[in-house]
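Peer 1: Here is what each chain is made of, one letter per residue.
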Amino acid sequence: MILLTPVMMVLRVLSQTVLLALVQIFNNKIRTFLTTLGIIVAVASIILVMGALSGMQRGVLDQFEQFGVKRVFMDGRLPRSMRGKMSWSDVQLKIEEVEAVREHVTSLAHFCPMYFGSYSVQYNELILEGIRSAGIEPSWHDIEHRDILNGRRFTKIDLEQRRNVCVINEKAIEELNMPTNAVGEFVLLSGRRFLVVGIVETMENSAMFGGGDAQTEIYIPITTAMNLNPDGWINFAQGELKDADMAMDAVAEITFVLRKMRGLEPDEEDTFDVEVMQEYLEDFKKIGLVMTMITGAVVLVSLVVGGIGIMNIMLVSVSERTREIGLRKAMGAHPMVILLQFLVEAVVLCLAGAVFGIAVGQLGLMGIRQAHEMLEEAAAPLWAIVLSAGLSALAGIGFGMFPAIRASLLNPIDALRHE
Amino acid sequence: MSIEIRDLEKVYRLGTEKGRAIEVRALDGVSLTIQPNEYVAIMGTSGSGKSTLMNILGCLDKPTAGQYVLSGIPVHKMSTSALARVRNEQIGFVFQSFELLARQTALKNVMLPMVYSRRHWLGARKRAKDALALVGLGDRTHHRPNQLSGGQRQRVAVARALVNQPSILLADEPTGNLDSVTTNEIIALFEELHDSGQTIIIVTHEEEVAGHAKRIVRLSDGKVISDFPTDKDPIHQDFLRSKAATAQRMAQAVQA
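Chains as they are written, first to last, in the numbering used here: chain A, 1 to 419; chain B, 1 to 256.
Calculated from the structure, these hints are not laboratory results.
Just to be clear, a hint being listed does not mean it is correct.
Examples of chain A residues toward chain B, derived with CB under 8 Å [as the list claims (entries may be wrong)]:
| id | residue |
| --- | --- |
| 1 | V10 |
| 2 | R12 |
| 3 | K329 |
Simulated coverage check for chain B against chain A, where a stretch passes if three residues somewhere in it have a Cβ under 8 Å from a Cβ of chain A [as the list claims (entries may be wrong)]:
| id | stretch |
| --- | --- |
| 4 | 53-63 |
| 5 | 91-102 |
Virtual Cβ for every residue (Gly too), placed ideally from N, Cα, C.
For reference, chain A alone in the conformation it holds in the complex (with noise of 0.2 Å):
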């Protein structure tokens, strides 16, 4: 009980600290807002920032989501240091290639070769120039994970005996005015005749990938696409992997084996591209580490400027009430309690501002919200409130920390003769 009263004395003080400083801000409200926008700013930016990252965090994983974190894409480049001894020509993929990864990497569970080519497309009287057709195996299935929504898929049948069928998109069907299942109808593609045997669903380019409209896809065996090329190359490949995990892995074996192919010495650059899921999420990461950054710079100076605005109001405060310090004192407060009594006045200032702040950025949160289809789940997330609530005690603390000790040190005799 002895050693509590102490503690008991201190909590006495607060909590009627608290009540005073906040009975000041009340009627002080003009006074309050002007003396508080430093810490304001600070955390209405620490609040919009947050949320609108972790928002646009959000929509991101959601597209990667939707496109598939396992997803491996492969094709030829010509890194500028080779650009004198070889041409754009020699370092596109070939069939043969794509086999052997398919054959040696472990990491990925399919991969499938792709060849795009621009055909014009006839079906009864209507012709469609510049169509985009791909020459594909059947694991494009797995990859793509589109569902077949009349006919088959392609079989192993098609790509051996060449056949010239075709799966068509929705969108095609559309465009091309035929009737709703296709399945059976015919189309001329660069003036042969393909049967179609699958339709399979129209998927919109999401917004990371260029984004806008669907368009017509008209998929035929690689093999057939093949036939239609002179040049003997294709234009990538892409894959799953096992597990999403397994990405490194898939880029190391991928390029060991491509490597090994082309006989690239060690000091020669690779002449072809891996890329995976991953790498785009790690630029993204470093995109958003970048911008808490530029936050963190604007919060600090913010967070400084208030809370010179902070010190100046309290300065003010202590010299207002130099002769209630002395009459404190005189009654047998502690130096230390008037210190902590000032330094609370300080820490409910600004937590007011906080409150404020908060407010404001969740406003601001509110207009972004509505500004972009990235940025529809922007929320604040817990941790940044906390945080920046967090900051601005700590500001309160250090810049009342000086008017604080000031007002502890008042002579209680001079205090109270102060006029």
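Keeping the supplied structure of chain A fixed, place chain B upon it in accordance with the hints.
Peer 2: Below, chain B alone, put in the same frame as chain A:
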């Protein structure tokens, strides 16, 4: 014994001039003993050292030399922060300009010393109400200072000084800001408190006010120059005679 002071000295250093320190000897060997339940007035002109003595008696200041024992506590040996507790528990201050907190009610003002007390907070409100009732303001507990008259404000200050049951009540010119009617109110209150056993020390330059104390200590140049019971103090007796003579002349003038 409430207060025992021996050879108290207070020297202020005001800086140096031509290499010599300029010193002001505010108290120069003051010795004084005050028993419990005494009612003492300390008098002196400005510069006599009475304010310095009051500050030391009130534990607001420390002597340069000498001893000061308050209710058995050797306060001259204590640190500045330890003195805060002594002030809280042993001394009740009444100031010339009341020093009430303007935004707080009378009750909250009276409760202030208990905020800093180590005593139990439970019952603090009741003790504050009792103190206000004692000074005759039982019905003004929720008034703010600006809703009270000067005399009432000083009575709130007296209630605040008494609420921690101090061993001495120390009043510095308590009637300096009051008119004659309210001055009499406060003087009457002090007499009541004295009758109920409270030790009171009052610092004043008004003979009229000092006359209600039972003992008058006079200071000049930092020394005690006289220390008599009020009815044996020659200066005060002169004052009473001249006052009576003036009153007589006034009465005659009115009659004529």
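Peer 1: Tell me if chain A covers the stretch 53-63 of chain B under the three-residue, 8 Å CB rule, please?
Peer 2: Satisfied; 4 residues make the cut.
Peer 1: At a threshold of 8 Å, is the proposed contact between A:V10 and chain B supported by beta-carbon distances?
Peer 2: 11 Å, violated
Peer 1: If you count the residues of the stretch 91-102 of chain B with a beta-carbon closer than 8 Å to a beta-carbon of chain A, do you get 3 or more?
Peer 2: holds (count 4)
Peer 1: Answer holds if the nearest beta-carbon of chain B is closer than 8 Å to that of A:K329; otherwise answer violated.
Peer 2: 7 Å, holds
Peer 1: May I ask you to test the interface hint for A:R12 with respect to chain B, counting a Cβ-Cβ separation under 8 Å as satisfied?
Peer 2: The hint holds - A:R12 has a Cβ within 8 Å of chain B, the shortest such distance being about 6 Å.
Violation of the numbered hints given earlier is confined to hint 1; every other hint is satisfied by the structure.
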